[in-house]
Structure formats: C-alpha cells, structure tokens
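*Asks:* From these two lone chains plus the hints, build me the complex, please.
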Amino acid sequence: MYYPMEIYKWERVVPVWFTRCIGQLPAGTYAPDPDDRGFTVYSGPVVGVCRGDLARIDLRREELDSAAPLFVTSVSPDKVAIVHPSPDSGQLTTGYRANIDFRAAGIDGDFKIQVHAQKLDGPIIAELTVHVSTLLTILCAVHRTAIFSSPSTRTAANTTSRSFGNIDTLITEVNRQWRPCGIEFAVDTRKDDTNLTNQVSRNGIEPTDGALLCPVYGSHEANENFTRLMATDRVDRRLNIHFVRQIRTASANGEPSYIGFGSSAEKGLAVSDTDTDLETQAHTLSHELGHILNLSGVGHSVREDAHSDDDPQWNTSVPARRHDLWTRRRLMYYMVGLDAADRTGPGGRYSFDGTDAGYGEGRSGHMITIKNLTQDATDNEYTDARNRQATLFTP
Amino acid sequence: MTTQLLEDQLNHLNGEARDTARKLGREALPVLLKRYPVEAPRGRALVLECLAEVKGEEAVQALLRALLDPDPDVWRTALDLLHTTNSPAAIEPLTTQVSYSLQARVRGEAARILGKLGAVSSLPALKKQAGIEPDPNSARGIRLAIARLEDGPERIQVLKRLEDPDPKIRYQAIGDLEYINDPKLLPRLIPLLGDEEGVVNIGQEMWPVWHRVCDRAVDAIAALSGKPMPFPVGKRNYAKDEIQKARQIIAQLR
Chain A
707 MYYPMEIYKW
717 ERVVPVWFTR
727 CIGQLPAGTY
737 APDPDDRGFT
747 VYSGPVVGVC
757 RGDLARIDLR
767 REELDSAAPL
777 FVTSVSPDKV
787 AIVHPSPDSG
797 QLTTGYRANI
807 DFRAAGIDGD
817 FKIQVHAQKL
827 DGPIIAELTV
837 HVSTLLTILC
847 AVHRTAIFSS
857 PSTRTAANTT
867 SRSFGNIDTL
877 ITEVNRQWRP
887 CGIEFAVDTR
897 KDDTNLTNQV
907 SRNGIEPTDG
917 ALLCPVYGSH
927 EANENFTRLM
937 ATDRVDRRLN
947 IHFVRQIRTA
957 SANGEPSYIG
967 FGSSAEKGLA
977 VSDTDTDLET
987 QAHTLSHELG
997 HILNLSGVGH
1007 SVREDAHSDD
1017 DPQWNTSVPA
1027 RRHDLWTRRR
1037 LMYYMVGLDA
1047 ADRTGPGGRY
1057 SFDGTDAGYG
1067 EGRSGHMITI
1077 KNLTQDATDN
1087 EYTDARNRQA
1097 TLFTP
Chain B
123 MTTQLLEDQL
133 NHLNGEARDT
143 ARKLGREALP
153 VLLKRYPVEA
163 PRGRALVLEC
173 LAEVKGEEAV
183 QALLRALLDP
193 DPDVWRTALD
203 LLHTTNSPAA
213 IEPLTTQVSY
223 SLQARVRGEA
233 ARILGKLGAV
243 SSLPALKKQA
253 GIEPDPNSAR
263 GIRLAIARLE
273 DGPERIQVLK
283 RLEDPDPKIR
293 YQAIGDLEYI
303 NDPKLLPRLI
313 PLLGDEEGVV
323 NIGQEMWPVW
333 HRVCDRAVDA
343 IAALSGKPMP
353 FPVGKRNYAK
363 DEIQKARQII
373 AQLR
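Residue numbers (the working numbering), protein chains in the order written: chain A, 707 to 1101; chain B, 123 to 376.
If you're looking for bench data, these hints aren't it; they were derived computationally from the structure.
Bear in mind the structure is a predicted one, so any value in this text is a computation, not a measurement.
Possibly wrong hints are sitting among the right ones.
No farther apart than 20 Å at their CA atoms in a straight line, the calculated lysine to any residue pairs in the SDA-like style are these [as the list claims (entries may be wrong)]: (1) B/357 to A/895; (2) A/897 to B/330; (3) B/362 to A/928; (4) A/973 to B/147; (5) B/238 to A/1099; (6) B/250 to B/215; (7) A/1077 to A/749; (8) A/897 to B/145; (9) B/357 to A/981; (10) A/897 to B/177; (11) B/357 to A/1097; (12) B/238 to A/1097; (13) A/897 to A/925; (14) B/357 to A/971; (15) B/357 to A/926; (16) B/357 to A/925; (17) B/290 to A/736; (18) B/177 to A/1100; (19) A/973 to B/356; (20) B/362 to A/926; (21) B/238 to B/262; (22) B/145 to A/940; (23) B/357 to A/938; (24) B/238 to B/206; (25) A/818 to A/897; (26) A/897 to B/332; (27) A/973 to B/315; (28) B/177 to A/1099; (29) B/145 to A/895; (30) B/145 to A/939; (31) B/357 to A/1099; (32) A/897 to B/141; (33) B/357 to A/939; (34) B/357 to A/928; (35) B/357 to A/818.
Excised from the complex, chain B in its bound form (with noise of 0.2 Å):
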C-alpha cells in the first residue's frame, strides 16, 4: 500500500482510492491536502470521502472549507461526511454556516450535526435561525437540532407527531425521535407498537415490502435502548412475538 497506488487511483478517479487511504492513515494526508484545491469537482469529492477515512482534525477541517465549495456535489459530499467525521472544534464553524450559509440544506444539516456533537452553545443561533429560516427543509433540521440539545417545545412537536393521523408523518417522526435520541423517551413508542399501517416499500416493485410503523418503532427501540435486541434487526417486518419483545425492552429500561 502506497501513496502513488492512491495517486493512481484518484488520477482515475476510481472509488478505491478511499479503502487505500482508510489503510494508509496519516501517510495518505499530504497527498490528498495538496490535490484538492487542483481537483475537478468529482476528484475534490473523491478526495475528501478519503479525508473522511483518513479522520483527524485536518479531515474535519478540510471538509469544513468544503462546505463553501461552488459545486453542489462537492459540499453535499462534506456536509453527509461531517454527520460523521466531526470534532468539536466543528461547532463554531458550523454554526456560523447555520446562520450565514447560503445554501438552505446546508443551514439545516450544519443544524442536525450540531445536535449529534450535543453543541449546547450553539442554542441561541440556531433558535435565531429558526425564526427565521424560509426553508421550510432547513427550518425542520434546526428544529430537530433544538429538540435534541434540550427538552422544550420543539421535542414536544416531535413527540405529538408521533401521534398525528397521517401514518407517513408517525413513520417520519419516530425518525426524529431516534435522531433526539434520549433513552428516555423510549415509552412514548409503546402505543405505536401496535400500529401497523404500511408505510415505506423495503422491497422491490415486483415485490412489494410494506415497512410499517411499528417495524420502524422496533428500529428505534434498538437503535436507543443500547441493548442488543434477541432477534435481527433492520428492513423487515418483524413478528408479533418479536414486537413483544421489543415492548418488553422498554419495560425493562424503566
């Protein structure tokens, strides 16, 4: 493993790229720093999912600068690899982004990573922005965000969606009670365990899956209660006996 193997392969722009500066480390760094600002906007999009391999403070950094990139799919690259390559030296840059980007959909996911580093500080903007924000997208992301970093009227919105007539916004809004994440809201799932409206094909057209709302609430339930659940999990409809269970989890956490 070499960097000119990865030379190569971003010269060709080929994908691997990435598992070779996962395998390269810090090593790979030098060689992505100084090709991005001379990339066209498909090698500045491979080069920074391999920053994202690579982590480290000059990963964040450089997909943070990426966030002001002209090309629509070099930023949305950063700002879906910031969800998960981020520090908290992030929270300042990115609340600035939520509230001077110019770029609705990267206020509002700026916003929802904000919440996911748990970014207290950053309270005020995003409440400011969220008067005002005209994206109606970006305006929920930063309430979410809200809702996540403390307990007032915006995760009381969440949680009475979870009761809304329209079982496609139930679906959504069990989403959005795993994105807030609080353990502690996990009984509030229980009546939706009964709820069997389909929602979401997980199949194909030939084939149709119909994933439910209570498949979702499952989900959520072993997404949040950091217990390993007794049977598989993800994409599937789950059984009578398997959703028993799922409600036995949160009896247990209570």
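Pulled out of the complex, with its shape left as it was, chain A reads as follows (with noise of 0.2 Å):
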C-alpha cells in the first residue's frame, strides 16, 4: 500500500512513534511514557526504567502501511534485552500498534533500541533510549488521622475510612506512576493514633470533626490548620502523609474540597477519603508528591510548587502558560482532569480542544521529563527530583 503525499521543497517524514502502552499489561510489567519532545539531547525519545525492570513500550506506524514489516533489536542486549517479539526474529506484529518488551539489566546507563525496516539488519527507521536508573527511595510515615475538637473523643467518623491496606494500594499505584523516575515512596512508619485537636476557625467557619479546614482558594492567606497537622504526631526523616476524612475549604457550603495537597517546605502531605478511581486518586498523590521533589521547578533549582503549563499565579516570574499536549501529559499539569468541569473560572482557565493526551478521554498524564530542553526551564525533572531525593532530609 503507498500513501501519496505532495511535497513542497522539503517534509519530515515520521514513519514510526514510540508511545506508553494502554492496554492491559501482564503482571510484573511497566508502562513507562517515553520523553518525546523533540529530537534534541537523546536523538530521538527517551524511557525510564529501573535496574532489572520488565517494561512495555508501543511502536506505532504512523506514515507506514499497518502491515510493512519490522523488526527490533538493542544495540546492547546484555543491558537491555529484548523480550517480546522474540530477539531471533525481531519481527514486530501488525497493526497500527505493536508491543515491545524489555528487561533492563542490572547497570545504569542510557542504551538505544532500534527499529529495523525490511528485515533484522534492516536500515534503522527509529531509535529510543533506555534510561536505566538504580532505585531511590523515599520513606514515609502515614497517619490515620483523626480531626476533631474537644469534647468529642477519636471515632470512626472523624477518622479517615482508608484503612492501611487500602492506603497501600494507592501507594503501590503512586509507585507505578513514579517508577519512570527511579524513585519509590515506601512507608515504614503507620501511625494509627493521631489526632488534630486545635484547629482554629477561617472566615467565621468553625472547624468540624473529620475535616481539614483550609483557606478559601485563592486568599493568599497561610493554611494554619495544615501547618497545625504537620505539627501533629511528626515523624523525623520522613515525608508525613495524613489521610483524613475531608479537605474542605473555609466557604458557606465547604466547596471547593480537595483529594489532597502537600508542601515542600513541611515535607507532608494531606490526603482525604474520596471515592473517585484509583489512578485519579494516585495521580492526586504522585503531583503532590511532585511539589515536594520540586518538579517543575522553574530553574531546577528552587522549590516553587510550580506546574507543567508555567502557570503564572504560582510562577511570578513566568509571563504565559503553556497549552500544548505534552504539557497536559505531564505529572505536574495543574489539573487532575482535562474536561472544562475540572477547570475554574469561567469557562474554564484553558480554551483549547482535545483532551485526550494519551491517557484517555479528559484525563491530564503521569509523564515526568528526562530530557532538558533549553527552551523548557520547567523540564529535567528525572534529574530535579532526584537531586531533590538526595537531600531531601539532609540539615
């Protein structure tokens, strides 16, 4: 099959893009989001893995016949090792989309897997680096908080209803969103008897039992009642996360309320019952957490609670936002969602079309960049937050 195309003087031709699987993956198997922005620094998009990962990258034939053969091979197999299609024959399956798995062994390094036209030595058609990293790891204390005032006593309806297994599986999700990064929260502490007693009233609005009370968005006034949780039942070395019963906000109907925020400055999160899905949930968290390892820091080197799309409410320094996909797929764009309802102000704050950014409809992505493009002062963050890992706890 042929595609006509008319060309003036010259035109790019993408035969083939690498792309994070969406489909259903075997167990034990990581979806990484490949860093394609660009052709600069890596020649060509890069992936995260970690040391001994098995992982799942799709090839898509976008200006190729669904059926022109093609073939994979690694240019280092005793570092990253091709598993599906088998490495004797190479060949990729059909269709618009084809699997492709590998094992990354155990060095760190950047290691390219190419795709072959015609046959298994084929002329090279793509290539995407494998960026194998070693496993950091961050840990953390979670509490089961419980908020109330006296005279009432810790119940199970002040208390959050997560219990700690539930709170692990969104973790182990949290884990999964991370991993492209080489970095895993872990929690070794669990603390089940905290309790927020002192919180003070906002705008005339009393705190009640079960819920964080917070500043009207937007306010600029300091959180105390967050600084207060980050004071209670504090664990050293460790990032504080408290699940509670709610995050509302210090309005009439308590609205807007929150899935979750943190602070780089407290190292601590607050985390609130919810039942939306679990990878909402765990996308929640995973920005939060994002803050804190100061992704997106505009300059990568001071803490700034910035966003993907540079907004300019958090960035002072920053003259516009961004609108373009890859900002939407990214963790730290700065909604949850992508649909108009999740958007405020009037109409929504972005008026752009299409809202699948690759990780279905109305959903904003899990994507954390590798590279470092000079017209980016938000990217690099691979590098940010581990650097942020590092020195995390250090006095």
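*Replies:* Right, here's the structure in full:
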C-alpha cells in the first residue's frame, strides 16, 4: 500500500512513533511514558526504567502501512534485552500498534533500542533510548488521622475510612506512576493514633469534626490548620502523609473540597477520603509528591510549587501559560483532569480543544520529563527529583 | 522494651525501630552492629538510623564505614546522619573522604560536616580539594566549610552574595551565613531585613505563602544570636514590628 503525498520543497516523514502502552499489562510489567519532546538531547525519545525492570513500550506505525515488516533490536542486549518479540526473529506484529517488551539489566545508563525496516539488519527508521536507573527510596510515615475538637473523641466518623491496606494499594499505584523516575515511596511507619484537635476557625466558619478546614482558594492566607496538622505526631526523616476524612474550604458550603495537597517546606501531605478511581487518586498524590521533589521547578533549583503549564499565579516570573499536549501529558499539569468541569473560572481557565493526551479522555498524564531542553525551564524533572531525593532530609 | 522488639521491627523494616533503639540505648548496639553487614540496602539504612539514635563512638564509626556502601540510599543516609551524630574522631576519616571519595556529594557534605566540627586541621586538605573539585555543588560545600573555619576569601565571597541582585542568591547566602555560625557577622543582615522579595513558597500550591529574603534573615538572626526571640520563629512571614525587634537584637549584640 502506498500513501500519496504532495511535498513542497521538503517534509519530515515520521514513519513510526514510540508511545506509552495503554493496553492491559501482564503482571510485573511497567508501561513508562517516553519523553518524546523534540529530537535533540537524546536524538529521539527516551524512556526511564529501573534496574531489572520488565517494561513495555508501543510502536505506532504513523506514516507507514500497518502491514509493513518491522524488526526490533537492542544495541546492547546485555544491558537491555528484547523480550518480545523474540530476539531471534525480532519481527513486530502487524497493525497500527505493536508491543515491544524489554528487560533492563543491573547497570545504570542509556541504551538504544532500534527499529529496522524490512529485516533484522535492515535500515534503522527509529531509535528509543532506554534510561536505566538505580531505584532510590523515599521513606514515608502514614497517619490514619482523626480530626475533632474537645469534647469529642476519636471515632470512626471523624477518622479517615481508609485502612492501611487501602493506603498500601494507593502507594503501589503512586509508585507505578513514579517508576520511570527511578524513585519509590516506601511506607515504614504507620500511625493509627494521630489526632488533630486544635484547628482554628476561618472566615467565621468553625472547624467540623473529620474535616481539615482550609482557607478559600486564592485568598493568599496561610493555611494554619495544615501547619498544625504537620506538627501533629510528626515523624522525623520521613515524608509525613496524613490521611483524613475530608479536606474542605472555609466557605459557606465547604466547597471546593480537595483530594489532597502537599507542602515541600513541611515535607508532608494531606489526603482525603474519596470515591474517585484509584488512578486519579494516585495521580493527585503523585503530583503533590512532585511538588515536594521539585518537579517543574523553574530553573531546576528553587522549590516553587511550579507546574508544567508555567502558571503565573504560582510563578511570578513566568509570563504565560503553556497549552501544548506535552504540557497536559505531564504529571505536573495544573489540573487532575482536562475536562472543562475540572477547570476553574468562567468557561475554564484553558480554552483548548482535545482532551485526550494519551491517558484516556479527560485525563492529564503522568509523564516525568527526562530531557533538559533549553526552551523549557520546567523540564529536566528526572534529574531534579533525584537530586532533591538525595538532599530531602539533609540538615 | 527489649532487643527482641528491635529485632522484630528491623525484620519488618519498621521505622519505629529507631524509637526502640533510642530507648534501649547501648543495649541495642550488639543487635545493630551484627545486623548491618547482612541486611539488604533498606535494612542497612534503617540500622544506621537506629545507631544514630543510640549515638556514641560505635555509631559514628559505623556511619563513617557506611560512606563506602555501594547503595546510594545507604551512604546518603550515613552522610545525613553524620551532620548530627559525629565526634572529633571523625575528623580524619572525613578529611580523607573529602580528598578521595568517588562520590561528589560525599566530598561536599563531608567538608560541611568538618566545618561544623571546627576541624581547622583539615583546612589544607579542604583548600587543595577546593582548587580541583570538578562538581560545582561539592565545590560550594567545600568552600563553605573553609569559610566557616577561617576568616578569609571564602567568607568574603559569602558576604558578597548577600548583596547579589538575584533574590534567590541573597536568600541562599543567608543560609550560608547561618552555616558559618559567627554571630559577629549578624550586622551584615541588617540591610536584608528590609528586603521583601519572595523566594520560596512555604505554603501549599492553592495557598502560596512566599518566604521573603527578610523572613530568612530573621530566621538566621534567631539561629545565630543565641537569644530567645520575643515571637514565634520559623516558616512564616514576619510582621514589621517583629522584624524591627530582630533589628534591635542585632543592635544589642554590638
């Protein structure tokens, strides 16, 4: 089959494209999102995995017949071994998407996977860099926190309904999302007797049992009750994650409520009960952890609670917001969702079309950038996060 | 509180082992020293944290040995803990690390710890390494240590950064001045008490609170003056009258 194509002077042809696998995965297989922003730095896309990981990436036949014979090889099979298709034949399945499974060995570094046309040693039409990392750990203390004021006492009604098992499930999903960065969050301290009992009122709204009472969004008031929460039963040298029943605003109806938020200064987070799906819950927690680890930090050094869309509300030095699909695909995109209803302000703060960034309709993504492009002061997140991990608890 | 409880907690990588070790004190040492070599990386890091709770020379020596651990989380844990769990006996091994460690971060942080230890005898090694250190962060740590240990060109560099046009640099320089830990330098902070540039968000993303250069200066005055401040200190914006009180504290020290 041939594609007719009118070309004026010149045109770049992109026959194939590496992309995140969106299908059902075999147990124990990761599906990292490649950093495919531009062709510089890594001469193509780069994907992060940890030592020993089995990972799946998809190859899309973009400007190529879906039956075109394609073959995949590893330049360093002792460092990154192709598992599927069989390395002997190396032939990819036909169709628009083809899975490539590979396993990283126990060596850090950048290793190439190449796609060849027609035969195993045919011309190279695409390259993927696999960035293999040692897994770094951030230790966490999780609190099943009750919130009440005297004369109340701790009860099921004012305590998070999450069990430690439920929390472990959530953290497992968070770790799946953070895997390409080579960082895991490990819970080694579980507190089942943490009680926040000294909340203060806000805007004349009295605190209610079970709910963390926060200032009105955009009020620029300090969040005194969060500060008090962070001081409650604090565990040193650990990220303190408090699971609470509800996070509400000091408004007449308590709205908006929040799934969670964190603070890099406090090295802690609050996460509320919610019946939203696990991926969205984990995305929220992953995003908040991203703030603590300086993801999207403009200039890569100072913690600023920045976002991939460079929102000037948080970054006074940023003149404009970004609107491109990559920005929406990143973990540090401002909103959890891309639908208009998820955005604030009249008509939403962003007026873009297309709300599928590769994670399903209306979902923002989990991508953590690896490349450090000169045009983007908020990228290089892989390195920034790992640098921050190294110094998180340094006196 | 028994060593059996400690063993159980270590078996389960339970962070509460640190509290148990602290309560057991030296009684925990045989368990911890026996387990360190046979643990996986997370277990080794936890044992080091327990040793730091027990304190004493055995703990310091174990932390120093752990700087050679192949796992980054383990040697970084040891490095962090040596900032607060150390002794004069650590000076020589840490000086060796500044010169010979293959890890840039170990070279820089070992230098900063030596500065805290007042290790004037390490100055020749620190100066030599400062001249050849290829890693900019480590070189900065080494120069800071030198600035703390002697009143020379490195200290002048820190003081110059207090006047940098970039507020992020000024903010960081205040932290460096705090590290140098010389109360005689406090008057250098007076001009910065009027510097209201916001640098670090100490709030949360929905409720940002920008820590200003002047707030960081007040924190440093609280840390260096040795005087109790007449208002709550730490992670907050200070009111004008509080900043004025900080100014008065410096005046009283002159």
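*Asks:* For a C-alpha distance cap of 20 Å, please report whether residue 973 of chain A and residue 315 of chain B respect it.
*Replies:* Judged against 20 Å, a Cα distance of about 27 Å means the pair is violated.
*Asks:* Holds or violated: residue 177 of chain B and residue 1099 of chain A, Cα atoms, limit 20 Å.
*Replies:* 18 Å, holds
*Asks:* Quickly compare the C-alpha distance for residue 362 of chain B and residue 926 of chain A to 20 Å and report which way the hint goes.
*Replies:* Given that 20 Å is the threshold and the Cα spacing comes to 18 Å, the pair holds.
*Asks:* Keeping to a limit of 20 Å between CA atoms, is the pair of residue 357 of chain B and residue 818 of chain A held or broken?
*Replies:* With Cα atoms ~46 Å apart, residue 357 of chain B and residue 818 of chain A exceed 20 Å; violated.
*Asks:* With a cut-off of 20 Å on the C-alpha distance, tell me whether residue 238 of chain B and residue 1099 of chain A pass.
*Replies:* 17 Å, holds
*Asks:* Is the Cα-Cα distance between residue 897 of chain A and residue 145 of chain B 20 Å or less?
*Replies:* Answer holds: residue 897 of chain A to residue 145 of chain B is near 19 Å, not above 20 Å.
*Asks:* Would the hint linking residue 238 of chain B and residue 262 of chain B be met if the CA-CA limit is 20 Å?
*Replies:* Status holds; Cα separation ~15 Å.
*Asks:* Are residue 897 of chain A and residue 141 of chain B close enough, with their CA atoms no more than 20 Å apart?
*Replies:* 13 Å, holds
*Asks:* Holds or violated: residue 145 of chain B with residue 939 of chain A, Cα cutoff 20 Å?
*Replies:* 18 Å, holds
*Asks:* Take the C-alpha atoms of residue 818 of chain A and residue 897 of chain A, compute the straight-line distance between them, and say whether it is at most 20 Å.
*Replies:* 45 Å, violated
*Asks:* Would the hint linking residue 357 of chain B and residue 928 of chain A be met if the CA-CA limit is 20 Å?
*Replies:* The given pair, whose Cα atoms are some 11 Å apart, holds under the 20 Å limit.
*Asks:* Residue 897 of chain A and residue 925 of chain A were given as a pair; does the straight-line alpha-carbon distance stay at or below 20 Å?
*Replies:* 32 Å, violated
Of the numbered hints given earlier, the model fails hints 1, 2, 4, 9, 10, 13, 17, 25, 26, 27 and 35; all others are met.
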